[in-house]
Structures are given as C-alpha cells and as structure tokens.
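Q: Could you build the full structure based on these sequences and the hints that come with them?
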Amino acid sequence: MTISAVPSGYRVSASRQETHDTVTLFLEPTGDPIARYVPGQFTMLYAFGVGEIPISISGPAGEHGLTQTIRAVGAVSSALCAATPRQLIGVRGPFGTSWGESDATGQDLLLVAGGIGLAPLRPALLAALDQRHRYRRIIVLVGARSPAELVFATELQEWRQRDACVEVTVDKADGTWPGNVGVVTQLLGRADLDPRQTLALICGPEVMMRLTARALLAAGLDRASIRVSLERNMQCGVAECGHCQLGPLLLCRDGPVVSYQVAEPLLAIREL
Amino acid sequence: MIGVSPAELAAHSFARGLDDRQVAQLAARAAGIHMPAGERFFDEGGPAARLWLIRTGRVALDLRVPGRGRLIVETLGPGDELGLSWLSPAAQWQFGAVAQEPVSAFELASAAVVELCEADHELGYQLTRRLLGTAISRLQAARIRILDVYAAPGQWAGGKR
Chain U
1 MTISAVPSGY RVSASRQETH DTVTLFLEPT GDPIARYVPG QFTMLYAFGV GEIPISISGP
61 AGEHGLTQTI RAVGAVSSAL CAATPRQLIG VRGPFGTSWG ESDATGQDLL LVAGGIGLAP
121 LRPALLAALD QRHRYRRIIV LVGARSPAEL VFATELQEWR QRDACVEVTV DKADGTWPGN
181 VGVVTQLLGR ADLDPRQTLA LICGPEVMMR LTARALLAAG LDRASIRVSL ERNMQCGVAE
241 CGHCQLGPLL LCRDGPVVSY QVAEPLLAIR EL
Chain C
1 MIGVSPAELA AHSFARGLDD RQVAQLAARA AGIHMPAGER FFDEGGPAAR LWLIRTGRVA
61 LDLRVPGRGR LIVETLGPGD ELGLSWLSPA AQWQFGAVAQ EPVSAFELAS AAVVELCEAD
121 HELGYQLTRR LLGTAISRLQ AARIRILDVY AAPGQWAGGK R
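Chains as they are written, first to last, in our numbering: chain U, 1 to 272; chain C, 1 to 161.
Treat the hints loosely; a few may be bogus.
Unchecked claim - Facing chain U, according to a computed beta carbon distance under 8 Å, are these residues of chain C, among others:
1. L18
2. D62
3. P66
4. G69
5. V73
6. E74
7. G77
8. S104
9. L139
10. A141
11. I144
12. Y150
As the list claims (entries may be wrong) - Derived coverage of chain U by chain C (criterion: at least 3 residues anywhere in the stretch with Cβ under 8 Å from a Cβ of chain C; other residues may be distant):
13. 81 to 89
14. 215 to 222
Unchecked claim - Cβ pair distances, simulated, as ranges:
15. C:R70 with U:V207: 28 to 34 Å
16. C:R70 with U:V6: 54 to 60 Å
17. U:F48 with C:T56: 51 to 57 Å
18. U:H243 with C:Y125: 22 to 28 Å
Hint data in this document are derived by calculation from the structure and do not stem from the laboratory. These numbers come from a predicted model, not from an experiment. Beta carbons: idealized from backbone N, C-alpha and C, even for Gly.
A: Pasting the structure below:
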C-alpha cells in the first residue's frame, strides 16, 4: 500500500462504454495496490507514453481493484478510454478529500449530478445504499445533455430498487424520451426537500454546481450542508506543485470535495 | 371535472402564501381533472385560455419540427403550472402539451382568473407575482440549457484532458 510519486501498476480487467465519449475502466493491481480510498477521492492515472491525468474514482470503496470513469476529451483521456483488457496503466493516489456522506446519518442525503459528475458521486451513493438504514431519504438528481449521454444508465433502476429516489432530466430529447426535460435545478423544486435535515453533495460542471447550490440556498439549506467537488489543474496530487491552487486551497489536498461555505466566495472571484 | 375544496387547493405550492379568502376564491373557480397518459392538453397554435396547476404526473411541452419529429421542449411535474401563453396578448399556445404519465391537476379558465384579478387587485398582485416568477425561472432554465454546459470538456472531477 503506497502513496508515492511512483505509479502502481494496474491492468485493465474490463471496460464498459458508458456513452460515445465516456468509458468506465475496471482495473486490477499487478503488485501492491494503492491505499484504501474513500468516496470523493481521485487518482492520477498514467497512460504510459502519453501522460498522466486526475480521474475521480467511480467504484465502491473497499473493492479490491479500481473503477474509474473517463471522458475522452484530450490525448491522455482518449488513450485511457481506448485501453484494452490486460493493458497496463499507472495509478497514483488516492488523493484528496471525501464526500463524508455518513454525516447525513439520520437525515436525507441528496446527490445532484451533472453529466459525468455522476461518476465521482457514485461511490458515495453506493456506500449510502449499503448502509441504507442509516439515512432517511436518499435522493439522486441527475442532469445530462441527452438520454444518449447519460452515464451509468443501466444502474438507475437498481438504485431505485435499493430505495433511492432517482430522477433524471436531460437538456434535449425527442418525443420517444419518457423522462424529464429541463435543467437539474428544476428537479429540486419537486423533491420536497427538508432543508434542515438534508446534506447535499453536488458534482458537475462548475456553473451547474453554482446554480444548484444557489437553488438549495433558496430552498433553505445552509451553506455548511452543501458540498461541491471542485477541480483545477491537478498534477502532483500531493500539494507540492501548486497547479491546482484555488485561492487558499490546493485542491488536490484540500479538495476536490469542499464545503460550499468555503467554495462560494472563491467561485465568485473571476481570476480564480 | 370535479369541484375543488379550498383545502385541496391550499396544498398546492401555487397557493402557498395566499390567505384563506384568496384560496377560497380561486378554489371556487377551479376544477379537478385527470388526464390519461398520452392525452393532449393542447396543441401548438390553439387558443390559450386555461391554466393548470399540476398535482401529480408529468406533462411534456412539445413542438413538431419538420424532419426531426416531435421534440420535447420541457417537462413539467407536481407543483408546476401548465399554460402561461394566455398571459401574452396573442393568447395562443406556443407549444403543445401532452400527459407523459397520468396527470391530475386543478384547471382554471384564464378568463375567470383575469376577472378575479381585476376585481381583487391584491389577489391579482399575488397571482401575477407567482406567474411572473414561473416565467422567469423557465426563462433562466432555458438560458442555462442554451449554454450546453455538459458538452464542453469540463474541469470537474471525473472527466477532463
């Protein structure tokens, strides 16, 4: 078990195409695995010969291997998405802070995801579902660009069967889509939130998180009950290089999960 | 159509903050309706003369686009208001509306609402504020969707570079 600058070797055991540009990789260690991780943390994934990027862990905490969901938007992420079974990948980590979903014990747990933001939230959701009796309602609100760009689409029904209230909305749909069309914040108004008894975890594009947090504040939640997953240019993963600085935070260490109490003023500074 | 009691109407978020007299005035003009899945509330271009307060179920606002079929513009659910086009001078539905699931709602004739607002300006102010708030939130939601925030390579955890 190591956290170091030297990547641990992992092999791709399987991959699953989530959408046209997003893949979930299932990885198994070839030697010493990385340290145990908690929901919300990320790793640095190394596509040998191409480069290294930060990717949130999308699998359940405690699994032997690693599950990571990657969107192909550049050279490294495209190389990782194209990885085939048995291919070797370097992994450093785990890094960063956790969602702390268990802080909602005895309360409602609300997870709001936008696009691939569902991937970093999935470990928190699975952990909560494994301890379902500890929570009152578990509400999952998911926004996506279109039905075809919904990640983990095959799992939504299973989460519902495990007593989570799962609602999905998309920005665009044709007449065959039987679900919601609109922005994810519109689902909040229909969720009948109990603002004094809700912990909200939000992950998605920054503008979506800001708007969601604002809607939750308007619904009566306090800032300390809202957590967001932030990201800048994570590189070293150990708060040494400074690339991921956001005001006083080094997000590879002090994030990615940050209380909205801390995040709100930082997100309002244009230069950051 | 079924008569609506003030207590039933008061449970809808549209009535939140109205006093008992105002709720009773609205309830006296409302009817309870049930719409099976697949039934249409209205079609694009038709005269806009009703307002529905959705209690349960989901309604899709849609538009037929040549070559692309029926596109869903937005969906509305419990607590939402359906049918705002009568507020504009043209009073013509700009989109169609179909029940995606069985829907129960309170239905009000727009003429009755306008008459009520003109007779009771305080109630008119309250209703106008609510309907304007709904229009603003839908405008803002439409603007956010125009941004297409999920399309751009994000800088959030899980998918970048």
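Q: State for each hint whether it applies.
A: Hint check results:
1. L18: Cβ of L18 of chain C sits 18 Å from chain U, so the hint is violated.
2. D62: Cβ of D62 of chain C sits 6 Å from chain U, so the hint holds.
3. P66: Not OK, violated: P66 of chain C not within 8 Å of chain U, min 14 Å.
4. G69: For G69 of chain C, the interface hint holds, since the closest Cβ of chain U sits about 6 Å away, which is under 8 Å.
5. V73: Holds, about 7 Å.
6. E74: Holds - the Cβ of E74 of chain C comes within 8 Å of chain U, reaching about 5 Å at its closest.
7. G77: holds, 5 Å
8. S104: violated, 15 Å
9. L139: The hint is violated - L139 of chain C has no Cβ within 8 Å of chain U, the shortest such distance being about 12 Å.
10. A141: holds, 5 Å
11. I144: holds, 5 Å
12. Y150: holds, 4 Å
13. 81 to 89: With 0 residues close enough to chain C, the hint is violated.
14. 215 to 222: As far as the stretch 215 to 222 of chain U goes, the hint is violated, because 0 residues have Cβ atoms under 8 Å from chain C.
15. C:R70 with U:V207: 28 to 34 Å: Between R70 of chain C and V207 of chain U, where Cβ atoms are some 29 Å apart, the hint holds.
16. C:R70 with U:V6: 54 to 60 Å: holds, 56 Å
17. U:F48 with C:T56: 51 to 57 Å: holds, 55 Å
18. U:H243 with C:Y125: 22 to 28 Å: violated, 54 Å
Hints 1, 3, 8, 9, 13, 14, 18 from the list above are not met by this structure, while the remaining hints are.
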